[in-house]
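Full structure from sequences and hints, please.
In case you want the letters, here they are:
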Amino acid sequence: MIETITQPWPWYVAGTIIGLIVPTLLILGNRHFGISANLRHMCAACFPSNIPFFKYDWKKESWNLFFIGGILIGGMISTQYLSSPDPVVIHPDLAKDLTQFGITDFSGLVPVQLFSFDQLFTLRGLIMMVGGGFLVGFGTRYAGGCTSGHAIMGLSDLQWPSLVATICFMIGGFLMTNLILPYILAL
Amino acid sequence: MKTKQEETDFEVRSLDTMCINESELVHPWWYNFKYAAVGVIFGIVFIKAEIISWFRIQEMFKLQSFHMYGVIGTAVIVGAISVFLIKKLKVKTIHGEEITFTNKKFNKGQIYGGLIFGLGWAITGACPGPLFAQLGSGSLAIIVVIASALLGTWVYGKFREQLPH
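If you're matching them up, the sequences are chains B and H in order. Counting from 1, position 156 in the first sequence corresponds to residue 155 in numbering that gives the first Met the number 0; the numbering is continuous, with no gaps. Counting from 1, position 75 in the second sequence corresponds to residue 74 in numbering that gives the first Met the number 0; the numbering is continuous, with no gaps.
Everything labelled a hint here was simulated from the structure, so no lab data went into it. Beta carbons are placed, not taken as given, at the ideal position from N, Cα and C, and that holds for glycine. There may be inaccurate statements among the hints.
[Stated by the list, open to error] Derived lysine-lysine pairs resembling DSSO-like cross-links, with alpha carbons at most 27 Å apart:
| hint | chain 1 | residue 1 | chain 2 | residue 2 |
| --- | --- | --- | --- | --- |
| 1 | B | Lys-59 | H | Lys-89 |
| 2 | B | Lys-58 | H | Lys-33 |
| 3 | H | Lys-86 | B | Lys-59 |
| 4 | H | Lys-104 | H | Lys-33 |
| 5 | H | Lys-87 | H | Lys-104 |
| 6 | H | Lys-86 | H | Lys-33 |
| 7 | B | Lys-59 | H | Lys-91 |
| 8 | B | Lys-54 | H | Lys-107 |
| 9 | B | Lys-58 | H | Lys-104 |
[Unchecked claim] Below, a sample of chain H positions facing chain B; criterion: calculated Cβ distance under 10 Å:
| hint | residue |
| --- | --- |
| 10 | Glu-49 |
| 11 | Phe-100 |
| 12 | Trp-153 |
Pasting the structure below:
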């Protein structure tokens, strides 16, 4: 049993559990699945700066902050107690491409050669960590949601604006990975 | 513009995917731990299915792996069936309240913002949820990415009126 759990989980198991989070949150308290809103709540709580967009009662949304707190703890538990001893398998073509850019350490889920405090002092690391994070925060709020709020919750409720948003997420991702990222990685 | 926004507070809030379902019931704050418990399960799935892996996201956008498509596709199907059943059977919350849904309104932000988020997603290899799971998994430097995402959200809020919607 424990061996089954420590192996990487197949997509249909993960997808089913994530899909079930939608009704679980609804039944626990009429809450709609959506994570990026937390970034707004944190801004509203810490730096409202008299901006109308951040002037609302964020405490009413505090359930969501508990939810992401749980995600953080889940990440800790999973890494501490349930991790697989085997290295992460990655596609050979991807490994070949990345090796060209000097990325050779495929041991973790987050490549330490790109995302670490040392890398912050390189142009590449700065663009990827600070620039990438900024685009995620700006883009999700501009779009009114992220992969959870639009792609999963929105599509589950058959909302066509969420389909538009999801298609745009994918277009942006394809453009970045295939056309722009090679130039950033080459820095 | 500002008065218009105040009048249409409900619309603006639904546009921003805030929770617009305001409960009539007042619960003690520690009731929120039930959501933390769901979050823990979500966090474990993120790690165990390698959804937080930067490599998996690159494979998705290079069409080298079906994994992420399978995860998101299954989640949408399971979510859609659940929402359908909740509506059909008029399921109530555990506290006996009605479960409500709000239609999302289209605006150009879903296109512009969606594209911008997509670009960022492929760089960081993480959407907002996985960022917190990455931090929990011990990649402490991700705190910089999260801080920058907060800054991005703040800058959007600051210049929201000037942006096309």
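If you check each hint against the structure, which ones fail?
Going through the list in order, the structure violates hint 4 alone and respects the others.
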